[in-house]
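Going line by line, the protein sequences match chains A and B. Going by the working numbering, the residue at position 43 of the first sequence is 43; the numbering climbs one at a time, nothing skipped. Going by the working numbering, the residue at position 183 of the second sequence is 183; the numbering climbs one at a time, nothing skipped.
It should be emphasised that the hints constitute simulated quantities derived from the structure, not laboratory data. Hints are not guaranteed to be accurate.
[Stated by the list, open to error] With a straight-line cut-off of 25 Å between C-alpha atoms, the simulated PhoX-like cross-links for lysine-lysine are:
1. Lys2/A <-> Lys110/B
2. Lys110/B <-> Lys39/A
3. Lys2/A <-> Lys103/B
Owing to the predicted nature of the structure, the values given are computational and were not obtained by experimental measurement.
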Amino acid sequence: MKYSDKFRQANKEAKATVIATAAVIIFWCLAGFGLADSKTTIFSTPIWVIGGCIGTWLFAIAVSIYLAKFVFKDMSLDEEDDSNV
Amino acid sequence: MFNANIMNLMPVLGFLVFMLFISYMVKRAATADRAQNFAKDYFIGGRTLGGFVLAMTTVATYSSVSTFVGGPGMAWLIGYGWLYMAIVQVVVVFLVLGVFGKKIALIARKIDAVTVIDIIRKRYQSDILANLSAIFIVAFFCATMVAQFVGAAKLFEAVTGFSYITGLSLFGLIVVFYTTIGGFRGVAITDAICAFAMIIGMSILFYSMMETAGGYDAIMTHISTTNPAMLEPFSAGKMPMSLYISQWLLVGICTLALPQSIVRSISYKDTKALHNAMIVGTVVIGAMTIIATWVGVLSKGILTDPSLAAYGGSVDNITPLTIVKSMDPFWAGITIIGPIAATISTVSSLLLSSSSSIIKDVYMRQIEKNGRTVDNNNVKMFSMITTIILGFGIYFIAIAPPSVIWQINMFAFGGLQTAFFWVMILGLFWSNANSTGAVWAMFGGVLAYCSTMALKIKIFDLHQIVIGISVSFILFMIGNKIGKRNDDETLKIFFPEEYDK
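Same shape as in the complex, but just chain B:
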């Protein structure tokens, strides 16, 4: 850890102030659109995203603080096997945009949807399903946000020497504030800048490490003489095949269903933007994954003690220690912008999605259901208030997080996938899917996933996501037999090709 010197905070501070400035400019530019339809502009940016920003915001939302802390730490321990496993993430951008991108965009315009839940509610004609979705989204997102804040604040403390609470307050309060004023447009543009900051930060670290350890060859020679298992894909049994398969599902294929990714399909401008985003997103997520995880493998040349106990017994200490040992405080201050950018870009998107669930999916829905018209000024006021209160709440919880947050966070990533995987896929590609099946699949799947996670029950040593989506699928099929098919009026929106032969 460096001595707390205010000068070393300047780069981070400058970056955060820049984010605030961008959001303020976005807010000014969007004033006219917001006066017309606040929710549409605030929660999906009025469907104006271009390809580049769409790609960057999808990647930045997906890459979190663990891309830069937990992941590289594991790579230090395991070796190249961890990089080989992490690279499965290259499919996530083109997969979600390719499978859902166009259909969601078409349907969202047709029914004027602002959230993923709008689409689910319309497709299944079920308020129970929509409310269940809103509960899962808000609970899982909030736990994830707290965990992101804690991870980044710990890193901040370990590198800069400033206290945990200083770091947390610095980036925590600023991200809440800029998300509140900037809305989705602000989030998307700041995300794009964050993605750049992540790549730059990790590249600086990569270069400094090489310098400190005497070059790539020297590190590789050190690894092959002291720890040759790090050069094997199975890492002498530390990376079993079951882990590879689990990761393909958990961080690869099933990410298809994450609502924070799907919502981006509502927000882009035209099909050209979508097509470009598939390419740019794949390039960027691959580069980011490779650089960040490779840094972890090579930090073996910096942190040479074979035992993790020498580094505080936690892989989370590897990245901060590598930064401290391979660069001076000034460059370290620039490098940590990377992980902080990863954190705030994830938090900003989740915060906005959570508040859209509360405002659009619960509050506005309730008003419309009672037959009253929704007042644009009220929506504006409540949306911003909800975002800021939720954000402050998360900030306060992150100061001293209760243990239940960690449990929910552990369930969050796979839980969201389990909840939405079949509901989205069958909902959009199988016209017979009905609400009974969907409710059973969502509720039963998440229950099965969380309980097997809590009890540490595994099948074939595979991650519980396998149990989650299997149970969810079976329940969908059973429930679907009991429930009734949707009315043709609704299905014509979602499956026009079946009605127009």
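Same shape as in the complex, but just chain A:
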């Protein structure tokens, strides 16, 4: 990968990270505030607590796995192999 291509990829990754963060915020709203009126409880805990806190945590983990495995690409950080391309 050329130095400039690495930056193109890094720009893509940064954009995806911002979108992922927005997705977490939306999930957090829906699973927390969105469920706040429900009287359902799980283990005597209101469902919005489970959704908004545990749920958001699990969703953020899923998002970070998606980013790391599918969006982010491995590349050499050193310069040496620039010339090979």
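Model the placement of chain B on the given structure of chain A, informed by the hints.
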């Protein structure tokens, strides 16, 4: 408070000695690298961090004593709303590593940067901006370190029965010492161990609380009958929407710009490490936030008096009292390793970053500017001396902190974010950003933030960070119109994709 019994100090003492031992081993292992290029090894560990350690050190630096004291205390008062608000921190690790991680790593290798300021100086070609950055970093970091020491020493006193000064001297002097000898590698590895200690400490507390209060269901029944508002996200008006939005900015999105987080992007080994750290870091910071804050909510079942006045009128007393009431002195002695680990892992990173600003960004820069070569042995001597003097200084200030420290500390977290948010984002993602815009944004933003904080001026009831980053952005745009674009030679390093179509 328990009676001061030296036996109960043994776990903490053992833990601290272990930290010292680790740092000593790291120092021995790094001797050869340090003989070659001391600054590079001492301040960023020679760019060798693996994914796991990168994740843990990022999380440990971020989680401070307030994660274990102030936060749970507020959760006792507010209820689950506070947990719902605290959980916004799950984004901070993947956000900073995902947005800046790779670009910073690539650029740092290209220009041989050791500090975040090296990168800022190169990007904007401005010594004024670099010096301004160094001043903000050192001032805000020092105030934060003092506040960390004070918080942990108070907790130590309240739980163990030993005096404030005993606690402060015990962990304060040891952390200064091990940071000085271990450098960045030592800090990173001890941070990783600290992160474990935090989780273990809080898990023990969680379990003991359950035992004491008669189980989770019993606590929840108690809360729903005596204080049902604790089960609502807005907590009967105590958690307004504006607070949620403020927190998303202050402890979520804007943490992107904290220099102590960004510097970790210079230090890792390869992209695999970065990718793993994003996942591991998100798992760990979420677990830590949930356990620590949940403990606070559930301590309602231990500290059942509805009035905070019954507990000394401060939420900071909630965690120590919960520890004392739900376990015996021996286990309490193990549990407080958690908050102490949170404190020393934050202090070690900030201390090293502060001394890197003084040595690399001011001292070495001055020598290079005068056209002289920097002697590796001098760098070694001055770096270690600076770290230890700075550390002792902070220790002495923490013995009896003047009130100005509290004010600076109150400004520190948001102030650093305001200072670096646009300078870093626009600097790395917008090639037109120039030094005039950056200087105005940094100086004007911090000024606007601190003055509105001091005068308690708010817009739409939102935290002043909103004013800080808004003013900073506007000033950046105005200043940018006046200043000139950087030369192509520099911009080719930062935006090669724009020069190679």
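Do the hints match the structure? See the list:
1. Lys2/A <-> Lys110/B: holds, 13 Å
2. Lys110/B <-> Lys39/A: violated, 57 Å
3. Lys2/A <-> Lys103/B: holds, 14 Å
When the structure is compared with the earlier hints, a violation turns up for hint 2 alone.
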